[in-house]
Amino acid sequence: MPAPLPLLSLGPFALVCAAAVTVLLGIAWQRMHTVSALVTIVGLLGALVLQLALQTPDSAETPLLVFDGLSHFAALMVLGSSLVVALLSHTYLRGYTGPREEFYLLLLCAAAGALILVASQHLASLFFGLELLSMPLYGMLAYRFQSSHSLEAGLKYLILSAAGSAFLLFGMALLYAQTGALDFTGLASEMGPWALAGTGLMLVGLGFKLSIVPFHLWTPDVYQGGPVPATMLLASISKLAVFVVLLRLVLEVPTFRDEALSALLAGLAILTMIVGNLLALRQSDLKRLLGYSSIAHFGYLLVALVIGSRFAVETAGVYLITYLVATLTAFGVVTLLSSPCRTEEASNLEHYRGLFWRRPWLAAALTVAMLSLAGIPFTAGFIGKFYILALAVDAQRWWLVAAVIAGSAIGLYYYLRVMVALFLREAADASRAGRGGHWLNDTIVLVLALLVIVLGVWPAPAVDWLAGLNY
Amino acid sequence: MILAGLILIPFLGGLLCWQGDRWGEAPRWIALATMVAVLVTALALWAGADFRLADPGAAAWLRELRLPWIPRFGIELHLALDGLSLVLIALTGFLGILAVLCSWKEVQEGIGFFHLNLLFVLGGVVGVFLAVDLFLFFVFWEMMLVPMYFLIALWGHSEPGGKTSTYAAVKFFIYTQASGLLMLAAILALVFAHQAETGELTFSYEALLATTLSNELALLLMLGFFIAFAVKLPVVPLHGWLPDAHAQAPTAGSVDLAGILLKTGAYGLLRFALPLFPEASAQFAPVAMGLGVFGIFYGALLACGQKDIKRLIAYTSISHMGFVLIGIYSGSTLALQGALVLMVAHGLSAAGLFVLSGQLYERLHTRDMTRMGGLWGRLGSLPGFSLGFAVAAVGMPGTANFVGEFMVLFGTFPAAPWIVVLASGGLILSAVYALTLMQKVYFGPAQKSSPLPGLDVREYSMMLGTFALVLLFGLYPQPLLDTTGAVMSNVQRLFEVPAVSSTFNLGGK
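Protein sequences appear in the order of chains A and B.
Going by my numbering, the first residue of the first sequence is number 1, and it counts up by one from there.
Going by my numbering, the first residue of the second sequence is number 1, and it counts up by one from there.
With the rest of the complex left out, here is chain A (with noise of 0.2 Å):
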């Protein structure tokens, strides 16, 4: 029997790899800003396309990869954050006086990373994928790197990365030797001391990358120094990218079931919600405090992974929908603010006062942002902590609900600062004059923040598509 085409379930992949190649032979040849960012977009709006064109009804497989809803989700969700970054990216390097084509390239390569590692069903892939997304991460990071936070930023990645990386690979040799398979599949078959103990270095590799607490130390600097498309990426694509591979691997290997082992990842999930919440209350960097507010976000969704079911991967879903959503629109209004690069990116909270009587807009789409990350009613945040409250009351695991609760209370408070520091009554200050941007590029933002109110307000197209994908 021919086995459905996987050929055409890598398209998408093939297509942003090939819009690399592109724009490396165009750097070669000539550089043109506009016509690379130009290449990079239509790479990606093209694999958009075709991925929401492949939706079938049964999954593709291949050794190395697995093409099912949960992969076509993410596969969805990561093109189009990519397309996002390089839309506002653009705007961004415009006045960066270094080489500005690179840019496109790293993140060409980090989307197409992400697609391998939100399909892999083999460590080899999880690994190769995992890198093929870290490594541009790292350039991008640093890209700014006249900057001294810029460099720090990167290299502190790198670093850490390398890190969690080495942890990662140990895990999986551990798991090897136990069970002498490197596929999902295979490694389901044996449990035994050596398995566990691998599986607990993956986690902390894999914890690494998601910023869960202990392991959370990297994140507020990284994002306070990065430029802002990088750090915008590192929170959409890195993140959810490798959520959706610990996903899978909880869902298919019983080793991440493991009675202690979830008992474990639940402490950490609380310990994250409550830490990072905390952490970010005394921030008046924007950045830094939407690092905080993202290991906040991750220990929520990590009770998707303690209960692991089938409406849990669900849960997940909505989540990263929500999470995404509202984190490129608030990452954007930044964008456009900091844009062109100038010595210093609007990213301390003083920037950001009374910006509602100098572009309402903006101002506007980043409220709505905020609301958003705080999960109140009708922006799409609260549908999502709605599933994660959900999902917890039907598990019955009343920690996490109230961990949940906590964590949200607390939170409230960052969000609520920086609401209210943008609607503040200030004396006009010449030097941060609205400068209107390109009209394309505000309406980017305004489209994602509107995205972020139908979600919340009619969220149930997205629940049923979600509800209804196979996995």
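I should point out that these hints are in silico values taken from the structure, not numbers from a laboratory.
All clues given are correct.
Residues from chain B that keep clear of chain A, each with C-beta distances beyond 10 Å, as calculated:
no.	residue
1	A37
2	L43
3	A282
4	F443
Listed below are several chain B residues computed to face chain A (Cβ distance under 8 Å; list not exhaustive):
no.	residue
5	W69
6	I70
7	R72
8	M143
9	V146
10	F173
11	L184
12	L188
13	A189
All residues carry an ideal CB built from backbone N, CA and C; glycine is no exception.
Following the hints, position chain B against chain A.
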């Protein structure tokens, strides 16, 4: 459709106000027209409805709107109107007009955005009063916090060197949001319990009413609901946000808070906490009434010691809500109706007092009562109205507050005589704080003798209209009682049935 209209009018009006900012004063007129439209719609519904038809036992809606929303969870866009919600929506409409009018001079910055927030709060409140899908209810319940937060934080007063309005706003938000999430968890647990029992996943109020729960679970879930509503009411150990929020809020914010938002707590208890968990509520009733008595004394005593006039009024609200709480948990129709009359009466009289203190602030630029004094005769007819509203707060016969308090006490007596005896003691304290207020502000040595500007037409008609309603419901409360009679006797019946069945069980054993 008219129900959806009631909610949508304020939201659309709010957006119009925001965009109307470029035409100077336009947002005020738009907001005023919006609230008048809400009030008129509510009154038209009131006039056209017949409340006696409701057959006992069944939840009978006057009007209903039911649309699918999130079928995945059985969540519906389900709005319904009965006597209770109608009265409270009409009150919302009236106090909304009052809130727009009283900020006519006070708010001069960001007029459009101010009215956007004001109307969004009111729209959210109307949504709370209409929603009978628990998810939808929760959505409105949480949603109205955001614009309220902005009202307090951006247009509030900051005490120099003291607490800022942002501090008060954040405190308000976190108290209510955290307790709200607790309620969401309780709602979800109830829904899943219902699903385990019947296999149907639904958030519909009517379906969930029939859920049978184990005793412990019911008590836990009831507490989840109770805490959320108790924070809003507020019940004393959970009242921490209220004095700050009131003192720091702009006048319109205080009017909304005291007049309407506190009532959403009482409404939630009447609509959800009691009917969904009748046995657990009956068990819990003595504790709740005890908290009510404590609140009466606590609020009144602290009110006596305040220097800030708005803080004083805020503490009196706590005291009055103690009576409402007792009435709600008394389990007699008379006391339940009394609680409703008291809610309306307090909404009007507290709003009146807050508006008056706002007018005093506009003239004297202080809310500190030690810096007032001797104002009688310097302010035209303002002191006269103050006396009227202060007397209403005491519960003088002839005002609606008297009717409410009397009915609560009278109706509760057969069930809990000692509670009534204690609560009546609280009435003495209310006389003390009301007279202190009058004495400190209007009598005593005058700081200056020059006359201050009296009430203009806008202010005069606001005060007159509000006071007329206080008197009207004090002298002729029958329309209120007719409207809510059926609803209240349904609630009361819920209380009674478990009592009967438990005696049956005892007999069986």
